[in-house]
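With the hints as constraints, model all of the structure from the sequences given.
2 protein chains.
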Amino acid sequence: MAQYTPPLRDMHFVLHELLQVTDTFKTLPAHAEVDVDTINAVLEEGGKFASEVLAPLNARGDAEGCSLDAATHEVRTPAGFKAAYDQFVEGGWPSLGCDPAYGGQGLPVTLNQCLYEMLNSANQAWTMYPGLTHGAYECLHAHGTPEQQQTYLPRLTSGEWTGTMCLTESHCGTDLGLLRTKAEPQADGSHLITGNKIFISAGDHDMAANIVHLVLARLPDAPTGSKGISLFVVPKFLINADGTLGERNPIFCGALEHKMGIHGNATCQLNLDGARGSLVGQPHKGLNAMFVMMNAARLGVGMQSLGLTEVAYQNAVAYAKDRIQMRSLTGAKAPDKAADPIIVHPDVRKMLLTARAYAEGGRALGVYTALLLDQELSSTDEAVKKDAADLVALLTPIVKAFITDNAWISTSHCLQVFGGHGYVREWGMEQFVRDARINMIYEGTNTIQSLDLLGRKVLADNGAKLKKFGALVRQLIEDEGVNEAMAEFINPLADLGDKVTKLTTELGMKAFANPDEVGAAAVDYLRVVGHLVFAYFWARMARISLDQQASGDPFYRAKLATARFYFAKLLPETAGLIRSARAGVKPLMEMDEALF
Amino acid sequence: MAQYTPPLRDMHFVLHELLQVTDTFKTLPAHAEVDVDTINAVLEEGGKFASEVLAPLNARGDAEGCSLDAATHEVRTPAGFKAAYDQFVEGGWPSLGCDPAYGGQGLPVTLNQCLYEMLNSANQAWTMYPGLTHGAYECLHAHGTPEQQQTYLPRLTSGEWTGTMCLTESHCGTDLGLLRTKAEPQADGSHLITGNKIFISAGDHDMAANIVHLVLARLPDAPTGSKGISLFVVPKFLINADGTLGERNPIFCGALEHKMGIHGNATCQLNLDGARGSLVGQPHKGLNAMFVMMNAARLGVGMQSLGLTEVAYQNAVAYAKDRIQMRSLTGAKAPDKAADPIIVHPDVRKMLLTARAYAEGGRALGVYTALLLDQELSSTDEAVKKDAADLVALLTPIVKAFITDNAWISTSHCLQVFGGHGYVREWGMEQFVRDARINMIYEGTNTIQSLDLLGRKVLADNGAKLKKFGALVRQLIEDEGVNEAMAEFINPLADLGDKVTKLTTELGMKAFANPDEVGAAAVDYLRVVGHLVFAYFWARMARISLDQQASGDPFYRAKLATARFYFAKLLPETAGLIRSARAGVKPLMEMDEALF
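Quick mapping for you: the protein sequence lines, in order, are chains A and H.
Mapping the first sequence onto this note's numbering, position 34 (from 1) lands on 34, and the numbers just tick up by one.
Mapping the second sequence onto this note's numbering, position 128 (from 1) lands on 128, and the numbers just tick up by one.
Treat the hints as calculated values from the structure; they're not laboratory data.
Keep in mind it's a predicted model, so treat the numbers as computed, not measured.
Some hints could be false.
Copies of one chain are not kept apart here, so a pair can be met inside one copy or by any two copies together.
What the hints assert, rightly or not - Restricting the straight-line Cα-Cα distance to at most 27 Å, the calculated cross-link-like pairs of lysine-lysine (DSSO-like) are:
| # | residue 1 | residue 2 |
| --- | --- | --- |
| 1 | Lys82 | Lys502 |
| 2 | Lys227 | Lys182 |
| 3 | Lys510 | Lys468 |
| 4 | Lys227 | Lys337 |
The following block contains the structure:
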């Protein structure tokens with residue numbers, strides 16, 4: 001069975017050495033008191049919960065899956081899931097990043113992000129239940145009426161109730177403008193909602209007393225398309241005036257999806273048959289309200305894949321040190337054994353280091369983005385807020401798509417390290433691959449992320465947001481340009497920065513002539529910019545590690561070696577990606593649809 | 001459920017237009033009579049069997065899997081598998097490529113290869129049963145004693161019995177030198193074999209009357225390591241002197257593996273407890289004998305992944321034409337519908353064309369390699385035999401690793417085209433991905449293939465085999481260098497050819513100084529050479545298609561468009577791969593093992 005050790009040392013490095021998060025927290029009144037000791041204590045406890053309570057349930061949850069009682073429409077989660085959730089609630093974990101006005105601990109997003117990486121390493125399917133709850137909390141916190149907030153936020157904060165987001169219908173996922181679920185206004189101001197939703201994660205289960213569904217539907221007078229969609233909060237059990245649970249609302253699980261992975265999460269078809277809900281935000285502006293939840297969810301998906309990359313790496317390393325097979329081509333390394341441990345073989349190391357470099361790069365990016373989000377949410381300086389918001393907007397699709405694509409590559413490599421043993425359930429590696437695959441799809445496919453990045457975040461404002469990130473890169477290049485020891489990192493970073501600038505300009509020009517040029521280049525473009533972002537963080541991490549070489553702490557030797565690996569073996573991918581991006585739209589569109 | 005249509009038109013193109021296989025067959029006395037009509041008739045019938053009989057069993061076989069009766073140690077295959085196998089045997093399909101001396105039809109490997117592509121598209125898990133049987137047939141045909149051949153070959157040819165290859169033990173897969181299974185010589189010349197094998201595909205089942213296991217084991221006087229391994233044939237039921245089945249041999253399935261995919265194939269742990277077998281080939285030379293089987297199996301694994309790429313492509317295209325979602329960025333293409341079919345979106349096309357280009361390129365390479373194998377096996381001209389054998393040796397690891405890696409990319413892209421619907425079982429796409437994953441592992445992992453290519457096939461003979469392929473490339477460049485219409489294909493092909501030459505020389509030099517340089521570069525190198533081979537075939541296919549543009553046949557328009565896509569969007573990957581390969585071994589080896 002797979003093992004998991006929380007990567008606390010690397011988290012400390014990212015939080016305290018690379019980003020010095022407490023310096024930023026001191027500028028934010030809401031978080032000024034959050035010090036290093038608090039952060040580290042929370043992470044240590046969270047890591048214990050992840051590794052001791054959740055990780056042992058992961059393979060079991062995958063094998064057992066969820067089940068639906070066709071008579072009662074109740075969903076049962078795998079053995080142990082509810083007990084673990086009770087423990088999570090008792091520990092106060094759901095409230096970590098929530099508003100003290102509703103019983104939350106008011107800690108920074110940054111800390112919650114690190115917690116979620118660990119929970120996802122241990123058990124992504126389980127973590128989706130509280131993860132979606134936090135999304136529902138954020139949406140109602142931003143857009144709910146005072147009454148809705150009073151009714152729902154304390155219970156979502158405590159974890160007593162969980163949440164979902166009900167967007168997809170069988171005929172529409174990406175294109176929500178097509179959705180058909182209807183909301184009929186009632187005399188008392190509530191709405192009766194009727195329709196069929198699919199792919200609803202954590203859509204029904206036995207872990208909490210109530211489920212707070214956030215449902216997209218159309219009002220009778222709605223314009224067609226995406227501008228006629230409203231958002232409603234629809235509880236599984238109606239809530240009495242005294243706060244107790246009332247009658248069952250007719251929103252029932254009709255079937256569970258049989259999926260490639262995340263078997264422990266109940267992915268439901270939900271049938272609403274006049275379920276009572278109340279409007280959240282303005283009529284017909286449901287997508288705006290939902291996007292609060294969606295953006296948080298996209299960062300969350302990045303953390304899911306970061307978690308899987310980390311845990312797959314850890315297990316592959318352990319196996320590669322233990323498994324003996326063949327001799328090193330440079331002579332026996334373990335002459336006392338019948339063969340050498342496979343970690344002596346260069347390609348095994350390449351697979352391991354790929355996962356390691358993507359995990360550590362992803363952690364730097366994920367925590368950095370969360371820190372920006374804390375500034376966006378909590379800064380009292382409008383200029384800081386604006387800059388942070390712009391960078392969050394730019395980086396969100398990269399966190400989502402680049403980290404999830406990297407996890408697909410990394411978990412597959414880690415499986416490969418096990419050879420045939422990676423393909424069987426026993427070691428847990430193939431589950432990581434199967435679980436990782438969904439992250440490239442939900443909360444906006446990775447193609448949608450790339451269109452969001454190139455079309456909306458970069459070209460739509462003439463590269464203004466990209467230039468804000470570019471300024472950070474340029475600053476680093478200026479600061480380190482004279483440092484000879486940094487040349488191996490700064491030169492390729494500067495080179496890639498120039499190429500991204502040129503590529504962006506070129507694509508902008510082409511897009512004027514033909515909007516399909518954006519769609520043709522976007523996926524390659526996102527990966528190139530993702531590498532620019534990673535190269536920036538790897539250069540900064542290398543700088544810190546170079547400074548610390550004299551300390552003798554092996555952590556910094558490993559960090560420096562991983563940085564060198566990243567620049568030598570992973571960054572070069574950009575050479576091909578840029579060529580492909582520049583090849584343009586013609587090779588994609590010239591074939592008639594009928595000829596496919 | 002997934003659909004499948006045999007790609008007969010493209011097979012005809014590859015066989016008759018690209019490779020003109022009957023011209024080669026005419027030079028081989030054994031196949032001189034095999035004409036176009038025969039070939040096409042066989043493929044049409046084989047395609048019918050695949051699409052009508054096997055394809056409908058694929059998803060069911062995945063859901064049901066195999067089961068082991070713990071009391072009897074008998075394995076049951078999914079519903080319908082045995083009936084389909086009976087029909088396969090009745091149709092004479094197992095005998096297609098077998099020796100007429102044992103009841104075979106004596107048709108070329110080339111034809112069998114095309115048949116197997118289709119069977120694998122329809123149902124890889126099922127196809128492994130006859131696939132392994134054919135491997136056992138080839139091994140005994142090459143190395144069996146006359147008595148063994150008389151006993152086993154007629155029944156393997158007819159399909160009445162099936163075969164396995166029993167190599168792996170729990171502590172050794174890649175490194176067979178470590179294996180422990182023992183063979184004790186008996187007074188009657190037979191051997192009693194004792195040991196435990198794992199991961200034995202088609203290791204036990206209810207589809208055939210007997211199973212012919214080819215088992216690697218050590219004789220008492222065996223030297224240690226890989227030079228002390230002998231091969232034995234061990235039937236599930238002993239065979240009486242009159243050819244009837246005798247008592248059950250103690251080779252029992254102890255457990256079935258729970259795998260990521262190919263659930264319909266029984267992957268067995270086999271326990272041999274003094275099972276009676278007879279030596280195949282020379283004592284201690286078992287690996288040599290097994291390699292006959294292994295090389296055929298490697299080509300077979302390439303065909304498995306080619307089949308999966310093709311069927312995933314077909315289903316993704318059908319979905320992309322049918323599913324409506326969003327409008328084209330260049331304006332509505334289906335204004336009468338609520339949205340445009342997703343095939344209008346450039347990145348959807350990119351994913352589809354990636355699978356298409358890899359399928360069609362893989363088919364050209366797979367059939368070409370099979371044709372060379374026919375020359376190696378059946379030519380009466382020693383020089384032709386030698387050239388063919390050299391090219392087969394060079395191309396086998398490419399067929400195995402490049403096609404299976406491409407299938408992993410392609411099936412994942414095709415899943416992605418379906419969005420969330422690709423992640424659920426219903427459409428069958430996620431099964432293709434899960435099934436494809438094993439192909440990168442078994443019959444020698446793709447890392448092993450790459451070491452075989454760079455170390456043994458290229459550097460060990462100073463590039464002599466590679467130069468034979470290079471001569472074909474150079475001939476094409478000379479022939480087409482003056483053809484302006486071909487410049488878009490010939491220029492990048494020539495450029496890549498030069499780069500491969502330089503890279504090979506550079507790696508050869510480095511390998512002198514440090515043998516680990518081979519292991520560090522091999523995986524990148526194989527992918528670069530794989531692209532060189534594909535670029536060569538795509539250029540030739542483009543040439544034929546250019547010549548046929550005036551015919552108005554849309555097949556050639558599609559082929560030309562796919563060639564252009566390949567050169568514009570897939571070949572550029574080589575730029576990054578070459579940089580990574582040249583970065584050498586240091587970034588992989590400088591980190592101490594303890595720091596991982």
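Status of each hint after checking the structure:
With identical chains, the CA atoms of Lys82 and Lys502 are never at most 27 Å apart, being 53 Å at best within one copy and 61 Å at best between copies. Proximity of Lys227 and Lys182 under a CA criterion of 27 Å is satisfied intra-copy only: 14 Å inside one chain copy versus 73 Å between copies. Within a single copy, Lys510 and Lys468 get their C-alpha atoms as close as 23 Å, which meets the 27 Å cut-off; across copies the closest is 43 Å, which misses it. Proximity of Lys227 and Lys337 under a CA criterion of 27 Å is satisfied inter-copy only: 18 Å between copies versus 68 Å inside one chain copy.
The earlier numbered hint that this structure contradicts is number 1, and it is the only one.
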